[in-house]
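Kindly produce the complete structure, drawing on both the sequences and the hints.
Residue-level listing of the chains:
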Amino acid sequence: MPIQEKDVVWIEEPELSFWEQTFLPAVAGGLKVAMQHTVAQRSVTEQYPEQKPDLPLHYRGVHRLNRDEQGRVRCVACMMCATACPAHCISIVAEDASKDWPDRDKRPQSFVLDELRCIFCGMCEEACPCDAIELTSIYDLTGQTREQMTFTKDKLLSIYDQTKDNPRDPVRTHRGRLGCASELERQPLSATSPKPPESPRAKKQ
Amino acid sequence: MPSNEANRPCTPKTNSDENQIEMPTVLVNGKEVSIGDGERLNCIQAAKRADVEIPHYCWHPALTVVASCRMCLVEVGDKKPDGTVAMQPKVVPGCQTPVKDGTVIVTNSAKVKQAQAATLEYLLLNHPLDCPTCDQAGECFLQDYTYKFGHMQSRLMEPKTLKPDKDYIGDQVTLFTDRCVMCTRCVRFTREVSGTGELQVINRGSHEEIDIFPGMPINNKLAGNVVDLCPVGALCSKDFLYKQRVWWLKSADSVCPDCSTGCSINVDQNNETVFRLKPRENSQAQGHFMCDDGRFGWKYIHSDARLKRPEIVQGDRRTAVDWDSALNATRAALQDAVKSNPKSVAAVLSPWMTVEEAYLLAKHLKSLSPDVRLALGPVRVDGEDDHYPKDVRGNAQANVKFTIRAEKCPNRRGVEAVLQHFQGSIIAMGDLLVDAAAGRVECLYLVGGDPRGWITEDQAASLAKVKTLVVQDLLPSAASARAHVLLASGSFAERDGTFVNHAGLAQAIKRSIRSPEESRPDGRILWDLAGRTGLFNASVFRHEIAQEIPALSALAGEMCDSGVLLK
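Chains as they are written, first to last, in our numbering: chain A, 1 to 205; chain B, 206 to 772.
Keep in mind that the hints were calculated from the coordinates and are not lab data. Given the structure is predicted, the values throughout are model-derived calculations rather than measurements. Glycine is no exception: its CB is placed at the ideal position from the N, C-alpha and C atoms. All clues given are correct.
Simulated crosslink set (DMTMM-like; lysine to aspartate or glutamate; CA at most 25 angstroms straight-line):
1) 504(B) to 723(B)
2) 368(B) to 100(A)
3) 368(B) to 103(A)
4) 448(B) to 103(A)
Have a look at the derived ranges for each label pair, beta carbon to beta carbon:
5) 244(B) to 4(A): 32 to 42 angstroms
6) 319(B) to 5(A): 18 to 28 angstroms
7) 87(A) to 739(B): 34 to 44 angstroms
8) 410(B) to 146(A): 53 to 63 angstroms
9) 686(B) to 93(A): 27 to 37 angstroms
10) 99(A) to 410(B): 29 to 39 angstroms
11) 147(A) to 421(B): 50 to 60 angstroms
12) 2(A) to 365(B): 21 to 31 angstroms
13) 3(A) to 244(B): 38 to 48 angstroms
14) 372(B) to 83(A): 25 to 35 angstroms
15) 83(A) to 244(B): 40 to 50 angstroms
Computed far set for chain B versus chain A, every beta-carbon distance over 10 angstroms:
16) 257
17) 290
18) 414
19) 748
20) 753
21) 766
Right under this line is the structure:
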């Protein structure tokens with residue numbers, strides 16, 4: 001539905017008072033913050049990689065393709081993610097699924113996501129009508145060749161298997177209703193920190 | 206009668222100029238539109254002239270009216286001679302209501318809007334809303350009309366009744382029964398246009414669905430049209446199923462090259478790959494439809510066998526070269542042969558060439574010497590003209606609505622007009638081959654283009670004595686195997702130009718994709734061969750042809766989408 005004129009609310013910029021117009025309170029506030037930093041020196045540097053960062057829950061890392069209750073790929077190859085993707089990094093080839101899976105019309109024959117092109121904006125996750133593609137909290141993604149960074153359907157499914165039990169990566173969206181992550185009061189501890197998928201560095205360790 | 210005077214049209218402005226001939230006038234949402242004196246329009250057509258869209262599913266201009274979908278309900282009234290307007294108390298289906306002088310149509314009143322929203326809600330009650338997996342999404346009238354005229358939420362609390370999809374109804378068509386809105390366009394098409402009557406409505410009430418009679422699938426030559434007719438995603442093309450989302454397709458106007466009917470089409474492509482052809486409405490050419498031979502006959506465009514680069518014979522082997530070398534070699538061979546004996550130089554112009562290409566080649570060769578002979582390539586004729594609708598026994602009925610022509614080339618008339626102008630007579634390719642076999646042809650320029658083959662092995666054997674054989678074609682053939690110079694050319698989807706159909710209707714074809722690898726569209730090859738400066742631009746070049754060839758003078762004007770009839 002196009003946006004109706006009655007649904008649009010026009011708001012005015014609040015007017016500045018006399019003191020606000022002088023900018024003196026703002027200058028004083030800035031000086032206060034600067035002084036606090038000078039006096040109470042808290043270290044903000046994290047000792048990565050010995051110490052893993054505590055990322056916010058909405059951090060967008062490597063993608064995964066979720067499985068449904070029967071272990072099949074959830075994706076129905078509607079290509080909404082490929083349409084929404086501003087970096088054009090998703091290419092899907094669809095096929096007819098009705099022969100093998102009577103409850104489904106369509107499934108991806110191949111699903112290729114170029115992690116090098118991806119800008120991790122999360123539009124694919126937002127566009128997905130069946131909660132199939134999601135971004136996990138895996139941030140340390142490396143590879144030695146371009147091919148290693150081109151994720152196929154199997155690789156994306158294996159990331160699901162790897163991350164599905166991680167409390168930081170629950171299946172988040174449920175058709176409009178927010179997932180369990182939205183109900184967490186504080187961030188879960190990163191005790192079961194996810195491992196990056198088959199990166200050469202992980203092999204060396 | 207609940208009034209909605211605010212939305213009623215105000216008193217119309219009178220058309221009181223005495224000298225002016227009074228045209229019948231219809232009022233659409235207060236806006237006056239004139240209709241022709243003898244025109245028989247319904248409310249939908251009259252409203253369209255006033256740029257007002259009346260949503261409709263079951264009505265189609267090429268089919269009979271059933272007024273069953275109830276989507277086009279509008280308020281209709283009459284303007285009396287004294288200027289008062291009397292509206293009918295109920296909304297009526299616009300598709301079934303003819304307009305006359307003084308008819309008043311209201312499509313934007315609260316009553317009409319309510320009727321439209323209620324109809325859509327009803328049609329969507331049991332619709333599966335599987336737009337993500339539906340091929341029609343993006344060009345679906347359920348989506349479009351819901352966006353424009355419908356509710357956004359369904360109030361249905363009960364589970365939807367979803368009928369199972371049909372396993373098989375035809376070789377080219379699938380039926381997703383649950384998406385159907387029972388507009389019966391497809392049923393009426395098979396009864397009225399193809400005349401084959403395979404599809405029908407079975408059961409009644411909420412159990413009704415489209416089906417075939419058991420064991421009688423919809424496999425007639427016009428079957429693909431039911432996919433275009435279907436306003437929702439119920440009938441889908443097996444050929445295109447799940448290949449591409451339609452919003453990625455870019456389409457170019459073109460003309461189907463598979464018979465001399467010259468159906469107007471759209472070529473839908475994405476990333477240099479053609480995905481489908483769709484008919485484009487053109488009452489001068491074919492109407493609303495196209496046949497399956499043309500609809501699915503374009504696959505050779507992406508064939509691996511395509512000739513992909515120019516080649517010339519160097520020593521005893523033919524090797525790939527760049528275009529400059531190939532064209533220089535062609536030019537040199539032609540000039541040498543013309544110098545020694547102009548009568549020994551000949552060319553075969555294919556009826557698959559556009560008018561522009563034929564003109565370029567004919568003009569260039571005739572400018573070398575007027576004695577160069579030009580022949581018309583083989584015009585493939587398969588069987589007899591196939592007329593529709595058919596009767597029960599498969600014979601054509603009297604009122605022909607669609608014809609698949611036996612002449613399977615798109616531009617015989619256009620090429621003939623060019624040959625007539627430059628030579629006065631038309632030589633058949635067979636006569637040239639007889640001369641070639643006798644060794645009287647030194648240099649021969651052959652243009653192919655027919656993707657289903659245009660020269661037999663026996664015919665090609667008579668080319669053995671030709672000293673320089675230039676072949677310009679898109680697919681390998683018996684002739685291309687013997688060519689001394691091979692010029693890889695383009696398919697209809699890669700070229701710009703003009704085709705003239707069996708009735709003398711000239712229509713423009715427009716490039717939609719690039720030619721594969723090193724191959725080039727024919728127009729560009731011949732433009733460079735003729736040594737012209739600048740780039741080949743068919744729409745500009747057409748004027749030059751129109752000025753020189755009186756038979757093609759109609760091409761001088763602006764070429765509209767539906768083409769121009771030659772005199």
